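**Q** Please build the complete structure, drawing on both the sequences and the hints.
Residue numbers (UniProt numbering), protein chains in the order written: chain A, 1 to 485; chain B, 1 to 485.
Be a bit skeptical, because a hint or two may be false.
Copies of one chain are not kept apart here, so a pair can be met inside one copy or by any two copies together.
[Claimed, not checked] Here are the simulated PhoX-like cross-link-like pairs (lysine-lysine), alpha carbons at most 25 Å apart as the crow flies: (1) Lys-39 <-> Lys-73; (2) Lys-73 <-> Lys-35; (3) Lys-257 <-> Lys-157; (4) Lys-154 <-> Lys-73; (5) Lys-348 <-> Lys-75; (6) Lys-73 <-> Lys-348; (7) Lys-284 <-> Lys-260; (8) Lys-284 <-> Lys-257.
No lab work stands behind these hints: they were computed from the structure.
Being a predicted model, the structure only gives us computed values, none of them experimental.
Protein chains: 2
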Amino acid sequence: MKPTTSAPPTRKDGHHLFQQVYEHIMGRMERGELKTHEKLPSVRSIALDLQVHRLTAFRAYQMLKQNGKVYVKDKSGYYVSPTPSSDLKEEANSNSELPELPANQPIPAYAHLRNELFHVQQIPVTYQLAQALIDPNLLPNLFLSEHVKQVFDKYPKVMGTYGPVSGDEELREFLCGYIAKSLNIPLAANEVVITSGSQQAIDLLARVFIRAMDPILVERPTYSAALEIFRNQGARIFAVDIGPNGYDLDQVEMMLKQHKPRFFYTNPTFHNPTGYTVPASQRKRLVELAAQYRCLIIEDDAFRDMYFEEPPPRPMFVYDTDGWVVYLRSFSKYIAPGLRICAVIGRKSVIEPLLIAKSLADNGTPLLNQKIFLHYFQSERMQQHVAKLRTALQLRRDIAEQELAAASDWKWVQPAGGLNLWVKLPPALSVQGLLAESLRQSISFVPGVICDPLSERNDFIRISYCFINESQLREGIKRLVRTRV
Amino acid sequence: MKPTTSAPPTRKDGHHLFQQVYEHIMGRMERGELKTHEKLPSVRSIALDLQVHRLTAFRAYQMLKQNGKVYVKDKSGYYVSPTPSSDLKEEANSNSELPELPANQPIPAYAHLRNELFHVQQIPVTYQLAQALIDPNLLPNLFLSEHVKQVFDKYPKVMGTYGPVSGDEELREFLCGYIAKSLNIPLAANEVVITSGSQQAIDLLARVFIRAMDPILVERPTYSAALEIFRNQGARIFAVDIGPNGYDLDQVEMMLKQHKPRFFYTNPTFHNPTGYTVPASQRKRLVELAAQYRCLIIEDDAFRDMYFEEPPPRPMFVYDTDGWVVYLRSFSKYIAPGLRICAVIGRKSVIEPLLIAKSLADNGTPLLNQKIFLHYFQSERMQQHVAKLRTALQLRRDIAEQELAAASDWKWVQPAGGLNLWVKLPPALSVQGLLAESLRQSISFVPGVICDPLSERNDFIRISYCFINESQLREGIKRLVRTRV
Chain A
1 MKPTTSAPPT RKDGHHLFQQ VYEHIMGRME RGELKTHEKL PSVRSIALDL
51 QVHRLTAFRA YQMLKQNGKV YVKDKSGYYV SPTPSSDLKE EANSNSELPE
101 LPANQPIPAY AHLRNELFHV QQIPVTYQLA QALIDPNLLP NLFLSEHVKQ
151 VFDKYPKVMG TYGPVSGDEE LREFLCGYIA KSLNIPLAAN EVVITSGSQQ
201 AIDLLARVFI RAMDPILVER PTYSAALEIF RNQGARIFAV DIGPNGYDLD
251 QVEMMLKQHK PRFFYTNPTF HNPTGYTVPA SQRKRLVELA AQYRCLIIED
301 DAFRDMYFEE PPPRPMFVYD TDGWVVYLRS FSKYIAPGLR ICAVIGRKSV
351 IEPLLIAKSL ADNGTPLLNQ KIFLHYFQSE RMQQHVAKLR TALQLRRDIA
401 EQELAAASDW KWVQPAGGLN LWVKLPPALS VQGLLAESLR QSISFVPGVI
451 CDPLSERNDF IRISYCFINE SQLREGIKRL VRTRV
Chain B
1 MKPTTSAPPT RKDGHHLFQQ VYEHIMGRME RGELKTHEKL PSVRSIALDL
51 QVHRLTAFRA YQMLKQNGKV YVKDKSGYYV SPTPSSDLKE EANSNSELPE
101 LPANQPIPAY AHLRNELFHV QQIPVTYQLA QALIDPNLLP NLFLSEHVKQ
151 VFDKYPKVMG TYGPVSGDEE LREFLCGYIA KSLNIPLAAN EVVITSGSQQ
201 AIDLLARVFI RAMDPILVER PTYSAALEIF RNQGARIFAV DIGPNGYDLD
251 QVEMMLKQHK PRFFYTNPTF HNPTGYTVPA SQRKRLVELA AQYRCLIIED
301 DAFRDMYFEE PPPRPMFVYD TDGWVVYLRS FSKYIAPGLR ICAVIGRKSV
351 IEPLLIAKSL ADNGTPLLNQ KIFLHYFQSE RMQQHVAKLR TALQLRRDIA
401 EQELAAASDW KWVQPAGGLN LWVKLPPALS VQGLLAESLR QSISFVPGVI
451 CDPLSERNDF IRISYCFINE SQLREGIKRL VRTRV
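**A** Take a look at the structure:
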C-alpha cells in the first residue's frame, strides 16, 4: 500500500500560512509535545512536514524567536525557551488565563471555551429566577398533544426523512406570508432559513461574518451567550448603551464611523436583559446609518409578541431596502420552546453563506418540529393562547414588582413586555455575595456583569419572572430581598 | 450618556495579537475599506483603535510590508500596495481561490465556505443515488405515528421546555444501559451527550479540538462533509487508506508518529463511502496506538445495525481504557432520520468542553425528539423493524449489484452492510462527464473525488442503494450504466 501524504495546506481565510505555522508550533509547545530546551525540527524538515515553502517556515521561526518563544544556539538550531516570555503585557495577560492542561488526556484546542449563563442555569434551585423561559404550565400542552396527533395523521412520513437544509418548504412559505402580511413588506420563501432556535442563528451568523480581530457592535448590556459566541470567534467587541429610551444615536454613529463593525447585534424589542424597547423614531434612522456605514444589523426579535399593553414598534427590518438587516424571529419561546424553531430572514448575500454553515452544522432542523410548529401556529387556538399568555406574564411581572418594592433602594424600569426585570442594586450590596447567599437559599438569578460586554458593571441583576408559578415567584422574590449579605 | 469603549481584546486561542492586527488590516483591504494607494492609519492610531500595544501594531505593519501588502513612503506612512503580491506560491494560490466580493452587500468573512455534498444532493432528480438515506417507505411510519401519540400522553409538557444541554436524563440513562449491556462495558449517564445527528457531533468536536494548522488524520476516502468541517477549522489533513481489509497499521503508526494528529476521524464499520469494515483484529491495536501516540479517535458508528449476514466486530470504543476514543452512535438514520438523534459517548476530558460548545451552538437538542426516540427505541416493534429493514436493504444492494454487473469494467467490493456501493470506473470514463450526463437523465450519484482528502482520485463514484424503491433503483442503475459520455 503506497503511503499517502497530507492534503495540500488550505489557507484558513484570514490566516496566512506563516502564521499558521507559528500557531502550530505554539500549540505543540503548549501541549508539551515540545518541551523546554528541546530542539525544534529544522526549518527544512518542518517545511517538508507542513508542506509549506521553506521561507514560510523560516518566517514563522523568526517570529517565534522575536517573541521569545524560542532561542537560537549554534547558529542553526532553534530551542524552546525556558519561560515563554513576552514583552507585551496583553499577551502575557491572555496567556495567563489559560488553565493548566492535563498531560494524559485529549486536550481541547479551545481551553477557554465557556458559557457563564449555562453554568448559572445548571444549578438546580427551587426559586428559579435565572431562566428566561416561560413556565411550561402556561403553555397549552394538552391542546398541543392533540394537535400533534393530527400532524402525524396528515404527514405520516414526517419522521422518515430530513427536510431541506433551509427548512420545510411549507413552513417557509407560510412564515413568509405571515411576516409579509403582518409587517407589510414583500418577502420570498428563499429569503427564509429555519434554525434550531435563535441561539443557533446567532452562532451560525457569527461563524459566517466574524474572523479574528473583526470589530462588531453590541448593546450594553446584551445577551451573555451571544457575547461568548462572538468572543470565541475572536471578535473585537464594541458596545453602545441601551437605555429606557433606546440608543444615543450619536454614539451609535460614532461607533460605526470609528470602528467599522462587521455587524451590530441588536435586540431592540423588550430587550434581554433590560426589557427596554428602542422607540420607533430611532429604528428607521438606525437602518440608514447601517447602510451608510455598511454594517449588517442582526435584529434578534424573540419577544415581539410578549407585549403587555400595546404592540411594540415595527422591527428595523421593515425599513431595510438594501439588505443590511438580517431578522431573527424566534416564535418557539412562547409557543413550544421544546420545538426550537427560529426563522432567519434576510437577503441573498446573507442567506447563501448561512445555508452552507447550516448544512455543515447539522444538515437541517428536524422536519417533525417544523410541521408541528407550522400547524399549531396557524390554528386559532394559538392566537387565544398568546393573548392569555400575555395576561399571565403581565400578572407575574406585577407580582415581581410588588415584592421587589420591599427593597426600597433596588431600582428598575417597568418593562412593557418580555420576560425579565433588570434591577440595579445599591452600591453597598455585592452581587456576587447576594448570589452566593441566594443559592444557599435555593434562589438563583443572573448576575448582570455577564451581560456586560465590558465585564465591568457589577451593580445589576436580571430577574426572570416567567418560569416559576405565581406563589413561588412571590415567595422567591420575598426571600431574595430579605437575603442579608 | 458617556461613550463606552471596546472590551479589552481577547486572545483567540492560538492567535497572537500582532497576527490578529495583521489579519484585521488584511480584512479591511480585502473588503475594500482600505483601497490601493490609500494611507493606512498610523501605528499610534491603530494601536489606540485596536487597544493593543504600539509594538504589537508595529510588528503587524512590518509583516504587511514584508509580505508586500503595503509599501512605505516618506519614511513614516504605510500605503496599500497596488497589487497585493506574495513571494510564496502557496499564498498566491490560496488568495486566487477567493471569489470576487460584491462591494455593496454584507460580506461573509468565510467566503470560501462550501459543502460539495450538499450541492450535489440539492439537485432534484428521479433516480436519486446520491442520498445515503433510507427510503422513508421502509420506515414504520404508521406505527411511529401511533407511538408518538402515546409519548404525548405520557409527557404532556414535553414541548413546553428545553431539555438539559447534555440531553434528556431518561434517554441518556437508557442509552447508557443499552450500550453498556450490548457492548459489555461500564458507562455512566454523564459520559453521554445527545446531539442533533452525528453531523452536529462531528462539527462540535472539530470546534473543540482543532485550531489552525493542527494536524488531524482521516481515512481515505472519507465522509465529505466531515472533510469540509475540518478544512473550515483550518486543520492540516493527513490520510490513511482504508481498504476491504481495513488499514495498513504500519502506515497508521507512521502517521501518528510523524504528524502527531489531534484526532483520527474514523468510520470503521460499513464505512461511508466504501462499505468496508475494519476487522476485529485491528481495532484493539489501533486503540493501543492511539493511547501510545496520544491521539483521540473519533469513532463514527452510524451503520452498525445495518448489517446483512452477521453483526460487525465490536467498536474500538470497547477497547479504550484511558479516554482516547470518543464514540458517536447515531441511531436515528434507520429509525427516524427526521428526529436527528446521536449519542456521543466519551470521558470527562472530551465531554466537558463538548457540552459547552453544544450550549453555545443550540442550547440542547429538542426534548420532544429525544422522548419519541427513547420510547420507540425501547419498543419490541423497533427490533422487528430493524430486522426487516436489514432484509430490505440487502435486497436493494443485490438489485444494485445485478444491474451494475452489466458494466463489465466497473469494479466494487460487495459491502456486508451499510447503504452504499463504492464503484471504480474504468480509466477511460470521466466521472465528471458521467455525472453531467446522468443529471441530464435525472440520475445523481456522489463523485468519489469529494470524499478524497487529497482531492486526487477521480475514478470512483458512490452509489447509495437505500433511498429509492426497488423498481426505481433497478431502472436508475440500468440507465446509469448505459449512459454514454
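**Q** Under the constraints set out in the numbered hints, which ones does this structure not fulfil?
**A** 3, 4, 5 and 6
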